[in-house]
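Those letters in the sequence shown? Residues -24 to -1, 1 to 183, by mature numbering (1 follows the signal peptide of the UniProt record, and there is no 0).
In case anyone wonders, no lab produced these hints; they're calculated from the structure.
One should not assume that every hint holds.
Said to hold, decoys possible - Here are the simulated EDC-like cross-link-like pairs (lysine to aspartate or glutamate), alpha carbons at most 16 Å apart as the crow flies:
{"id": "1", "residue 1": "LYS12", "residue 2": "ASP82"}
{"id": "2", "residue 1": "LYS14", "residue 2": "GLU75"}
{"id": "3", "residue 1": "LYS12", "residue 2": "GLU75"}
{"id": "4", "residue 1": "LYS14", "residue 2": "ASP90"}
{"id": "5", "residue 1": "LYS84", "residue 2": "GLU8"}
{"id": "6", "residue 1": "LYS14", "residue 2": "GLU(-2)"}
{"id": "7", "residue 1": "LYS14", "residue 2": "ASP82"}
These figures come from a predicted structure and were not determined experimentally.
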Amino acid sequence: MNSSSIYILVFVHLWLFSLPCRESVCIPSERETLLKFKNNLNDPSNRLWSWNHNNTNCCHWYGVLCHNVTSHLLQLHLHTSDYSHFDEEAYRRWSFGGEISPCLADLKHLNYLDLSGNYFLGEGMSIPSFLGTMTSLTHLDLSHTGFYGMIPPQIGNLSNLVYLDLRSVANGTVPSQIRNLSKLRYLDLSANAFLEGMAIPSFLCAM
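Make a model of the complete structure from these sequences and hints.
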């Protein structure tokens, strides 16, 4: 390699290192969707203090992960950890409550949603069927969220799901549409009333 080539390589490397690192800046419409979602939640411990109009970069908000190139919102980590170790009063103070707003379905690039361990107003009601329209999801955890109804058959529309945790959220029967989740690698339906004294559905064995 001649000296001119070496100089060119050195220049290119120096130029690359001088470039600023790109910071994800959230998309305004997705920020507004998150704020609408927050408006339907109860947050007694103020964990979502960073979710506000003055803090415009929602990619830095609690529980939010954005794509570092497109800035689209990819993941929401809003679980309540170690809920089983809390007494009832402490659990209610720390966990999220309220409603899961249908506006979540407007986050078309969301692939990871963890709402586990919270206490939504769905107690005695079914998992919201609109979640079945969020077809970019690969990870969905709704375990121990207070729901106690039928698993909506629309869950079978989430063809990209790899991980599905529905512990302690349902009764009735397992919808046959679950068999459509051909990419699924993890499925947890434990602690649900329909599993008590019931044989495992044959279509689950075939997955």
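Each hint, compared with the structure:
For a cut-off of 16 Å, the pair hint linking LYS12 to ASP82 stands: about 11 Å separates their Cα positions. The hinted pair formed by LYS14 and GLU75 meets the criterion: a straight-line CA distance of about 9 Å does not exceed 16 Å. For the suggested pair LYS12 and GLU75, the alpha carbons sit about 11 Å apart, so the restraint of at most 16 Å is met. At roughly 15 Å between alpha-carbon atoms, LYS14 and ASP90 fall within 16 Å of each other, so this suggested pair holds.
Distance restraint check for LYS84 and GLU8: the Cα-Cα separation of roughly 14 Å lies within the 16 Å cut-off, and the hinted pair is therefore satisfied. For the hint linking LYS14 to GLU(-2), the alpha-carbon distance of about 24 Å lies beyond 16 Å, and the restraint is violated. About 14 Å separates the Cα atoms of LYS14 and ASP82, which keeps this hinted pair within 16 Å; it holds.
Of the hints listed earlier, the one the structure fails to meet is number 6.
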